[in-house]
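2 protein chains.
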Amino acid sequence: MLTIYNSMSRQKEVFKPLHEKRVGMYVCGPTVYGDGHLGHARPAITFDVVYRYLTHLGYKVRYVRNITDVGHLEHDADDGEDKIAKKARLEQLEPMEVVQYYMGRYHKAMEALNVLPPSIEPHASGHIIEQIEYIKKIIDAGYAYESEGSVYFDVPKFNKDYGYGKLSGRNIDELLTTTRELDGQSEKRNPADFALWKKAAPEHIMHWPSPWSEGFPGWHLECSTMSEKYLGETFDIHGGGMDLKFPHHECEIAQSVAHSGHPAVHYWMHNNMITINGKKMGKSLGNFITLDEFFTGSHELLEQAYSPMTIRFFILQAHYRGTVDFGNDALKSAETALGRMLDGYRRLQELKASDVSTIDVSTLEQRAYEAMDDDFNTPVLIGVLFDAVRMINQVKDHTASATQADIDFLRKFMDTFLVEILGIRVDGDGGSADSLKPYRDAVDLLLEIRSNAKKNKDWTTSDLIRDRLAAIGFSVKDTKDGVEWSV
Amino acid sequence: MLTIYNSMSRQKEVFKPLHEKRVGMYVCGPTVYGDGHLGHARPAITFDVVYRYLTHLGYKVRYVRNITDVGHLEHDADDGEDKIAKKARLEQLEPMEVVQYYMGRYHKAMEALNVLPPSIEPHASGHIIEQIEYIKKIIDAGYAYESEGSVYFDVPKFNKDYGYGKLSGRNIDELLTTTRELDGQSEKRNPADFALWKKAAPEHIMHWPSPWSEGFPGWHLECSTMSEKYLGETFDIHGGGMDLKFPHHECEIAQSVAHSGHPAVHYWMHNNMITINGKKMGKSLGNFITLDEFFTGSHELLEQAYSPMTIRFFILQAHYRGTVDFGNDALKSAETALGRMLDGYRRLQELKASDVSTIDVSTLEQRAYEAMDDDFNTPVLIGVLFDAVRMINQVKDHTASATQADIDFLRKFMDTFLVEILGIRVDGDGGSADSLKPYRDAVDLLLEIRSNAKKNKDWTTSDLIRDRLAAIGFSVKDTKDGVEWSV
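As they're listed, the protein sequences go chains A and B.
Okay, so the first sequence: first residue is 2 according to my numbering, each after it adds one.
Okay, so the second sequence: first residue is 2 according to my numbering, each after it adds one.
The shape of chain A in the complex, shown without the other chains (with noise of 0.2 Å):
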C-alpha cells in the first residue's frame, strides 16, 4: 500500500490513482538559461525514482516534465528582464538558440544522472494558444482582469471565494497588505495580483499576439495549462522543489481553480532544498557548482571530481523531504559506500552455490517495498541493500553459504531496486560493457600471468606487474577464490 506525503494536507495518504492502472505525474522542469546544478539534479532525480517506482508497481504513468523558454521573469516577478531574453541579449543570440544550447546540456546532465525523460517534455513557447485560451476562461469566470494589455489574476477575489495561500500556509492578509510598496505596479488592481499575459515592452523579443497585446504569457500560467492539456483537469501528482511552492505552485493552484473550479492536483510533492558546506547555493555568494564542475571537480570548492552515479546516490542517501547538505567529506563517504554497493554487486555475479544457505534473505523483498511505499524511503531501502551486500560478501568470503535459489533470488533483488528503481548504474566505468569487454579480459590475463609467475618463483615478473598495475590505478585483491581487481 503506497502511501504518499501530501503537501496540501500535510500528512501521508495512501496513494489511490484517478483512473485504475494509470497514474498522471507533472513536474516542474528547468527555466534552461544556464548550466544544469543541484538545484535541478535533486527534483529530477526524486521524481525519477517515483516514476520508476510506479512504474515498477504496473502503472502506466504519463510523466510531464516542462522546459520554461519564456515568461519566467528576474526574481520570478512580474517585472524585470526575461530570463532567456536577457541571456539571449547578452551572448548576442536569439533566444531560441539559448534555448536549444542550455537544454541540450540540460539533457546530457540528466542522462549522465541516470535520469530518464520524461513522456512529454512541452515548452511554454509551444503552448501560447493554449496559455491565451486558458486565460479567457480565467476572465470569463471574473478572476482576471485586464489592465493597459495585460491580464492579471485578481488574488482577493479569489481568496474570498476559494481561499488562497493554502499550500504554503502563508498569511494571506498580511500578503495582501504588505507588499503595496512594490515598484511599477500600478497596473494591478492589488499588489498580490500576479500577471497572466505581460504587454510587451518595446524592446522585448519574444511576443505574441493576444486579444489583449503583442505580449507573453506569465510564468506560473504554463504549468497550469501544460498540465491541464496533457493530463487532464484533474490529474494525480504534482511535483516540484520546495522553493516553488511560493508564489509558483500557490498560482498554479488559484489558476487551475478559477479556471475549472476546483483542484487539479490529488498529491502535491515537494523535495526539499540542497545547501553547500551548510550554506545556501547562490552566485553570490561563490558556492554556485554546476553539475559539469562536480563531475570534472573542477570548482574550487570540491577537492577531487565526483562522478554522476556517486551525486544520484547521495541525494538517494537522504528522503526527499529531508535537506542535503553537499560537502566534500560527505560526497566521499557516499562515493565510499556506492563503491562498495557496486563492489557486492560485482561479487554476487560470481558467487558459488552450496547446497544450504546459512543466509536469511527471507524479508529482504518485504523490507525494500515497506522503504519504498513509506513515502519513498530510499535511505532505508539503501539499508536494506547493505544488508543484501554483507550477505553477499559473507558468501563470498566463505563465512556464510547460499544455494543457488538464494544466488538467484538476490541477483534479481538487486537488479530490481537497485538498478531498475534507485536507477544506479552498475557497470560504473563509463563505458558500456561491451567495448570493455576485451579489455577486462586482458587484465584478467595480465593477473594469471603473475600467478603463474608466483608459482614459478619469478618474482621480477609478479612484482612488475603488482607495481606497474598499482601505478596505472588498479587495485587487485587476493581472496579464496581468486583475484579481484578494479581501477
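For the record, the hints were derived by calculation from the structure and aren't laboratory data.
One or more hints might be untrue.
One copy or two, either will do: identical chains are not told apart, so a pair holds if it fits within one copy or between any two.
To be verified - Below, a list of computed lysine to aspartate or glutamate pairs in the DMTMM-like style, where the Cα atoms sit at most 20 Å apart: (1) K61 - E95; (2) K109 - E122; (3) K284 - E294; (4) K61 - E98; (5) K200 - E134; (6) K230 - E95; (7) K22 - E98; (8) K230 - E98; (9) K61 - E92; (10) K137 - E215; (11) K88 - E122; (12) K200 - E131; (13) K22 - E92; (14) K158 - E147; (15) K189 - D80.
Chain A is already provided as a structure; the job is to place chain B on it using the hints.
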C-alpha cells in the same frame, strides 16, 4: 572561394552570404513517428558537414532544423491521417508522447553519428500562432482562400503571377489538369492547390483555434513560417533531401513569395537519395533498415553490425549529390578504409621526428580546401586525407622521414579536416579516452611482459600472451619501433 551547387539555378555559384560573416541555414528535419533510418542520416550528415565547414571558415552560422510533430499527413498529401496521430492511436498514447519518444531516439542516433545539434530545433506544434499569422498575410495578398473552414493556397493564381514549379522543373500545366480525379478534394478550387490550414475532423486529436476553424496547419507551412521567424524573410541556405523538392519545397517557395513578395532562399541544396542493394528503401520491400539495426547488425539483410562512424564515413565517401547504395560489401570496404584512416591518425601521434623531411606535405592543405570549396566534395577530401595517411605510414615504417614541423603540420591537418570538418570520431572504441586509459596501459604492460619473456626465452609465457590476446580480439603487430595493437 566556396562554391555551392544551387538546385534552383542548377549550377555551381560562388557563395556570398547576405550578411558578412554570418550564415542562416534551414534544413528540413524529421517527422518523428518512427525510428531513424538512412533517409534521416544522409541529410543530417550532409548538412552537418556544411555547418561544420562554414563554421570552420569563420562564419557565425545559425542552423535551424525543425521537428515535424503535427500536420504531416499520410502519403504527404492533404488527406489521410496525421502520421503522428496515427502512431499515437495504434500505440494508445498521447501524440506528444509519440513525439517525445521518437525525438529522443532520433537525437541519440544523431549523437552516435556525431551530428552536431542545430542552433535551433523548432517544433511545428510550437508555432501555431506564427503559422496562423503567416496564413493571414497570404490571404491578404490574394493567394489563398478559405473553404469550409480550411484554407488553401491558390496555385493557378500564383503560377500566373510568379510561376510555380521552378525548383523541381515540374510541368505545371500538366499538374493543373491531371490530378483532378483525386478524391475528397472538392473543397479546393483546383486539385493542385494545397492546404495551409485544415479544419480538424471530429476524430482528429490535434487541433487549435483559428479564425477559420478548430484545425491544424498544413505540412508545408511550418518550414516557411519557422525559417522566417528565426532567419528572416531572406536567408542564405535551405537544405533537404531531393525527395522534398516536390511538393514540399515548391510549396515553401510559393508560400514565402506570396507572403513577402520575393523568394526567401538564396541557395537551395539537396542531397541525393540512398538505396539498399540497388533498391529504394521501403517498408513493403522488406529492406527498411533502421539506424539502430545498422549499429547492432540485427536486420536480416545485414551480415554484421556497422558502427555509426562506418555509416558516417561511408556516406561521406560519396558526394552528397550522388546516390549511395548500401550493401554489405560496400559497407565492409568503408569499415576497412575507416580503419586505415584511424590507424594512420593513431600512428601520427607516435611519429618520431628526423632532421630532414623526405615527404612533401606542402600541397595537402590547399587540395583539402579546394575539395571542400568545390561544393563540399568530401570524397575528394577523403582522398587527400589518405595521401596524408600514406606519408604517415612511410615515416612510421622508416621508408621516409619527417621533421617535427611536418609532423606538427600533419597533426593539425588531420585534426582540422578529419575530426573537425568531416566529424569523424578518432577514439573509435565507444568509450571516452579517459576511462579507457588504465586499460590501454594494462595492455601495454602485457606486451612488455611478452617482450621480456621472449628475451628470456620463456616461450610458454610469450605464446600464452600472444594466443590469448588474439582469442580476446586484439590484433598485435611488431614494428621497428615496438609493438602496435588494436582491438
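Q. What hint numbers does the structure not satisfy?
A. none
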